[in-house]
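Enquirer: Each chain, letter by letter, is given below.
Number of protein chains: 2
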Amino acid sequence: MSGQFLQRGEPAVVPKHVRTKLALQAGADLVIELPYIYSTQHASIFAKGAISILDSLKCDYVCFGSEEGKIETFYELIKQKKQLTSSINTSIRTFLDEGLSYPAAYSTALQKNLESSKLDVSLPNNILGIHYLEAIEHFDSRMEGRTIQRIAANYHDEETNHHSIASATAIRKILKGDNQSISDFVPSFTKDSIEEYINEYGALHFWNEYLPFLKYKLMTSTKEELENIYEAVEGLERRVLHSVLNCLNFEELMTSIKTKRYTWTRIQRLLTHILTNTSKKEIASILERDRVPYIRLLGMSSMGKTYLNTKKKLIDLPIYTTINQQNQKELSTDLKATHTYASMLSLDNQQKLIKTEYSLYPIIYDEKSNQFSRS
Amino acid sequence: MSGQFLQRGEPAVVPKHVRTKLALQAGADLVIELPYIYSTQHASIFAKGAISILDSLKCDYVCFGSEEGKIETFYELIKQKKQLTSSINTSIRTFLDEGLSYPAAYSTALQKNLESSKLDVSLPNNILGIHYLEAIEHFDSRMEGRTIQRIAANYHDEETNHHSIASATAIRKILKGDNQSISDFVPSFTKDSIEEYINEYGALHFWNEYLPFLKYKLMTSTKEELENIYEAVEGLERRVLHSVLNCLNFEELMTSIKTKRYTWTRIQRLLTHILTNTSKKEIASILERDRVPYIRLLGMSSMGKTYLNTKKKLIDLPIYTTINQQNQKELSTDLKATHTYASMLSLDNQQKLIKTEYSLYPIIYDEKSNQFSRS
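Quick note, the sequences are listed as chains A and B, same order.
Quick note, the numbering used here runs 31 ahead of the 1-based positions in the first sequence.
Quick note, the numbering used here runs 31 ahead of the 1-based positions in the second sequence.
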């Protein structure tokens with residue numbers, strides 16, 4: 032599970048300790064954090080991070096949602112794609128030169144070179160699925176892919192068109208407004224937890240709440256400091272700087288920065304890295320390792336605990352739960368992400384949230400009694 | 032006049048455009064900004080900045096407030112002091128080694144070496160006066176010093192002990208509370224302007240309002256970035272970092288950082304530089320020049336205008352009013368200070384305040400009709 036910031040370059044609506052509990056209640060047996068360095072990245076690095084963790088945990092299968100729904104179609108495409116690698120790469124470069132964004136260039140290049148494939152590579156979850164399977168190959172992992180078809184809601188759908196299924200975007204939109212309830216679209220414990228969080232912490236975490244900090248950061252940074260931020264390329268950071276001066280909310284800011292060259296998501300990720308002060312150097316030094324070098328265990332059920340005990344001897348990586356003196360440096364980017372994530376809360380609620388990072392994990396869930404406890 | 036941040040390392044209660052008007056109404060004929068780089072410094076650099084500007088403006092006299100009140104006493108001390116420079120410097124080093132703060136070491140060294148002097152060098156405004164007169168000598172200026180005795184209120188007095196005179200600290204304290212009015216201690220136009228500012232901008236500028244930004248900045252900066260901040264020495268920045276985690280207001284933070292080695296003011300100045308992201312490099316490159324290289328004219332009366340016209344040919348420096356493409360780089364630290372200063376306001380009020388920097392100055396005052404106008 033992603034930590035405080037998500038792949039689309041935005042804060043999670045509620046922090047990871049709340050989502051860990053929801054995942055356990057919804058049936059997950061182990062909740063492992065996908066570190067910030069991988070969770071806020073484009074599909075290829077995101078998938079590598081996730082797959083390397085599952086591989087290190089000696090999993091047998093990885094299952095992902097896709098618009099396609101049949102795993103064979105993915106494996107067929109991967110096979111074809113491998114034979115056409117250089118031709119596809121040439122196409123990608125051509126489309127980039129024509130001014131397309133990277134995801135559009137990638138998707139168009141696949142469409143052009145793999146006309147006979149049954150997989151619709153214009154759809155975002157199919158694309159992510161390709162990256163998962165390619166990451167499995169990259170790590171020479173013995174894991175097999177499986178997929179579940181996504182129905183009734185596309186990720187980007189802003190409206191709810193089905194009586195019980197809605198996209199994350201649509202659910203966020205409901206949470207921002209006052210008119211509709213999310214109760215039709217999420218389990219009741221999710222709705223209750225979100226309400227409880229608002230009562231306890233005073234707010235949900237939307238980008239708009241971070242705008243004063245983003246603006247402050249941009250206006251007090253030197254040109255060099257902004258250029259050193261990860262994903263600051265081709266003067267995009269200067270575009271952000273000029274736009275932020277005249278915008279009164281996050282939506283306005285994004286609209287004002289947006290060009291055909293960069294996707295909405297790509298820009299949000301840059302803003303996230305500016306907000307968290309994540310530099311090119313910081314990311315490069317971590318990505319050099321290729322695999323995530325530790326397991327950050329956020330939560331487990333009794334079943335998950337048994338699984339870990341059984342596989343313990345086979346797992347080569349250290350398993351971290353809380354942050355302590357020994358692992359503080361290795362987990363510093365995620366700790367920084369939590370500090371940034373907390374910044375829009377009142378000072379006392381900030382302290383409460385930071386404390387979870389140091390002392391709350393792993394969250395232990397007894398699935399029979401439906402009770403949480405500490406280890 | 033200092034810009035948005037003051038010598039004691041704190042934000043001005045209201046921004047410089049408001050204080051410019053107050054100064055003009057109170058009888059000042061020219062209001063020139065002492066740039067951030069000089070205004071947020073210890074007495075020696077603060078005095079050099081101020082004196083270099085007045086000297087560049089071809090002033091005849093500089094008049095300062097002091098506890099002493101007689102200028103001859105100052106000139107006598109300066110004369111004695113020059114003959115004892117090396118002995119005084121040795122004493123300062125000794126007292127610093129004993130753990131005294133710099134101002135305490137300086138004052139104690141003067142007391143020890145200049146026993147026969149009539150000037151009480153334990154008093155802060157007398158010390159500042161010495162620095163003004165030494166700066167006049169340093170620049171070989173033809174200006175003469177004059178002094179007015181401060182009565183009834185010491186700078187640090189927190190309470191008001193006189194029916195109509197109060198220290199800046201005491202006035203700030205009244206403004207923070209709800210119980211007392213400042214009307215006994217300031218002209219009525221000052222009281223009205225402050226109330227108007229609260230109505231228009233929603234708040235006054237106290238350190239406490241910046242604490243969320245200071246905390247955010249500290250928690251997202253690397254060790255190196257913090258070490259590069261001006262006045263971050265001997266690990267003091269690490270002390271700040273650890274303290275900010277556990278403090279819910281600015282007073283608590285300061286009390287938790289404070290040691291005998293560093294004055295309250297010294298620590299506030301470091302916090303100001305952290306907040307504005309002002310680096311050692313940035314300050315060093317500017318201080319190399321010794322003199323302030325431009326005149327930033329914030330306001331003038333008819334008399335002030337006449338003065339400038341008369342002396343125009345003698346003044347070698349460029350006179351800047353608003354910020355524009357030509358001078359933007361030279362004024363960047365002050366622009367950054369205004370952005371930082373604005374950060375605690377709502378986003379629309381931030382825009383309004385930033386606009387003053389670009390287009391409001393110089394503020395022109397007709398002292399006969401008591402009217403303000405634009406140039």
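Just so you know, these hints were derived from the structure itself, not from any lab.
Predicted model, so just to flag it, every value in this text is computed and none were measured.
Do not take every clue at face value.
[Claimed, not checked] Covered stretches of chain B, going by a simulated chain A footprint (3 or more residues, C-beta under 8 Å): (1) 235 to 246; (2) 271 to 281; (3) 367 to 374; (4) 380 to 391.
[To be verified] A few chain B residues facing chain A, derived, Cβ under 8 Å: (5) 212; (6) 214; (7) 307.
Note that CB positions come from ideal geometry on N, CA and C, so glycine has one too.
Enquirer: To test your reading of the hints: which numbers does this structure violate?
Expert: 5 and 6
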